[in-house]
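Residues in the sequence shown are numbered from 1 upward in steps of one, following UniProt numbering.
For the record, the hints were derived by calculation from the structure and aren't laboratory data. Among these hints, one or two may not hold up.
As the list claims (entries may be wrong) - Each computed BS3-like pair below joins lysine-lysine, with the alpha-carbon atoms no more than 30 Å apart:
#1 LYS313 / LYS324
#2 LYS284 / LYS207
#3 LYS47 / LYS82
#4 LYS282 / LYS316
#5 LYS114 / LYS29
#6 LYS476 / LYS271
#7 LYS234 / LYS207
#8 LYS114 / LYS271
#9 LYS259 / LYS316
#10 LYS251 / LYS407
#11 LYS316 / LYS153
#12 LYS75 / LYS29
#13 LYS164 / LYS313
#14 LYS153 / LYS259
No experiment lies behind these values; they were computed from the predicted model shown.
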Amino acid sequence: MIACKDYELGVCDDQSVNATAAIATEDVKATITLVTTLSSATSADGKLYGIEINSEDSWIKSNPQTSESEIPETKTSSSGKKYVLKFTLDPNTDETPRTGTVTISSGDLKLDVKITQAGFDFMRDDPKRKVIMLKDDSPYQSDYFAWLDNDVKGIRPDQMQNVKRNDGLHFTVGKNAYSYKIPKQDEDVLTDNDSHFNVREEVDGNKKFWKVTLADNGDNNYDLWKGTFTIKNKDNINITYTVYHTGIFHKITKDMADKYELAEGGDDKLKVTGMFYYGVVKVKGKDHTYIMLDRNLGATDNSPYVPDINEFKNNKGAIGGYFKISEDKNQSDVKHGNLSSTLSPEGFEIPEKSVFEDLIANDTLKTEVRHTALGESYYCTFMNTTSSELKTIYLPYGGYLEGESHKYPMHVVFWTKSLLSGTQGFGEDSSEFGYWYNYFDVYNKKRGISNIRFVSGSNGNNTGRYKAMPLRLISKTVL
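Starting from the given sequences, assemble the full structure and let the hints guide the process.
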């Protein structure tokens with residue numbers, strides 16, 4: 001809003017619109033609202049306002065649909081008129097966004113409103129270019145980006161510390177089973193590529209495709225990278241696809257949740273299920289470098305979570321699921337007896353306690369006091385990564401469950417797969433051997449290893465009241 005001696009002019013905020021209309025037969029519209037208290041027209045056309053559009057912004061049409069209404073006089077302002085102008089825009093057929101300026105004048109007053117039109121999303125919105133996802137070279141998802149948007153949890157930027165992962169094709173870190181087919185249109189030309197992957201023309205019946213495959217498709221490919229390739233269409237528009245080798249997909253089935261998860265208050269709706277995306281990062285210990293998931297198993301968020309801090313209380317999805325470590329007494333080697341292989345994505349496992357000790361020894365796993373913008377102080381537990389796009393990962397304060405009861409919600413707690421044995425407490429001939437596990441525990445600034453019986457009971461008995469904790473998984477490959 002601006003004013004001179006006799007009248008005022010106000011306009012709405014800058015506008016953002018889509019590249020095309022939601023319905024193909026309709027026009028793209030941008031709405032600008034203005035208010036003026038000018039009492040009589042000063043222009044030749046008799047209007048109380050004028051419109052000027054930069055000549056370079058011809059995609060904004062200069063004859064908007066107009067509606068007007070009266071603005072009554074108030075204690076602080078004269079009466080006036082409100083105008084709603086609906087401008088028709090040309091569809092944006094390029095993937096690059098564009099911004100134009102509309103200047104609104106009334107008398108001697110002028111204000112600019114910028115209209116930003118999104119670039120056309122060829123990957124999601126072009127029906128002729130729906131990406132097909134293959135698993136083990138067989139069709140897996142007929143519309144990959146629709147699947148990514150609707151079915152995959154934890155991949156949106158707001159769940160990834162504002163890092164984009166939902167705008168491209170994903171090959172999974174470690175062992176990859178995925179490849180992609182993109183319908184090839186007449187006069188398409190591949191103009192840019194990357195050595196990490198292959199893009200080749202393939203004919204399937206009477207249809208042509210661009211097939212995208214990982215160049216190094218070995219079972220232990222833990223290089224982390226992001227690349228692109230570009231296809232120029234017949235209109236000389238460049239369509240750029242981003243390709244990620246930065247994470248994995250993993251599904252927690254309802255059967256897994258029913259068998260191995262516990263929920264606070266016994267509310268099964270709180271159990272986590274579905275397809276999840278996990279970023280993969282590298283964290284350096286004193287003796288080894290570990291390949292670790294960026295969040296807990298079943299977590300939809302990799303942000304900090306502290307339950308009593310307002311800034312983070314909505315990040316509860318960072319906890320993920322609460323899982324049992326075992327179902328029965330474990331009398332064999334822990335690697336064979338716990339649920340690591342059942343719960344974990346292929347190639348990943350529940351870590352030994354020594355992993356957390358090694359990360360603490362190198363001062364990679366830290367806890368420090370921080371302050372929010374509102375001045376609230378809190379303990380933050382985190383790890384800085386190495387050779388990873390995501391520079392920091394956080395360990396949420398989620399406690400654990402005993403039966404249906406939530407215990408120690410202000411602790412960071414993770415299972416390890418290390419049994420309590422020998423000099424730690426029980427010999428292998430003890431009736432209690434196999435019931436006790438070490439777990440990682442953080443409270444305030446104290447970081448260390450504690451132990452717990454995974455199910456209530458004593459003297460080799462199992463009462464059926466289990467403990468369940470979050471899991472932070474690592475690759476079986478240690479660097």
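Decide if the proposed pair is consistent with the structure: LYS75 and LYS29, CA atoms, cutoff 30 Å inclusive. This hinted pair is violated, its Cα atoms lying about 35 Å apart.
Does LYS251 pair with LYS407 here, judged by a C-alpha cut-off of 30 Å? Answer holds: LYS251 to LYS407 is near 27 Å, not above 30 Å.
Regarding the pair LYS234 and LYS207, is the alpha-carbon distance no greater than 30 Å? Roughly 17 Å between the alpha carbons, so the hint for LYS234 and LYS207 holds.
Sort out whether LYS29 lies within 30 Å of LYS114, counting only the CA atoms. Given pair LYS114, LYS29 holds - Cα atoms ~14 Å apart, limit 30 Å.
Given pair status - LYS324, LYS313, alpha carbons within 30 Å: The hint holds at about 25 Å.
Compare the distance between the alpha carbons of LYS259 and LYS316 with 30 Å, and conclude whether the hinted pair is satisfied. holds (23 Å)
Take a quick look at whether LYS153 and LYS259 sit within 30 Å of each other, Cα to Cα. holds (21 Å)
Hinted pair, alpha-carbon criterion (30 Å max): LYS476, LYS271. Please report holds or violated. Holds: LYS476 and LYS271 sit about 26 Å apart, inside 30 Å.
Against the 30 Å threshold, does the CA-CA distance of LYS164 and LYS313 hold or violate the hint? It holds: about 23 Å lies between the C-alpha atoms, which stays within 30 Å.
Are LYS282 and LYS316 close enough, with their CA atoms no more than 30 Å apart? Within the cut-off at roughly 24 Å; holds.
Below or equal to 30 Å on CA atoms is what counts here, so check LYS47 against LYS82. holds (12 Å)
30 Å limit on alpha-carbon distance, applied to hinted pair LYS316 and LYS153: holds (14 Å)
Hint compliance for this structure: hints 2, 8, 12 are broken, all remaining hints hold.
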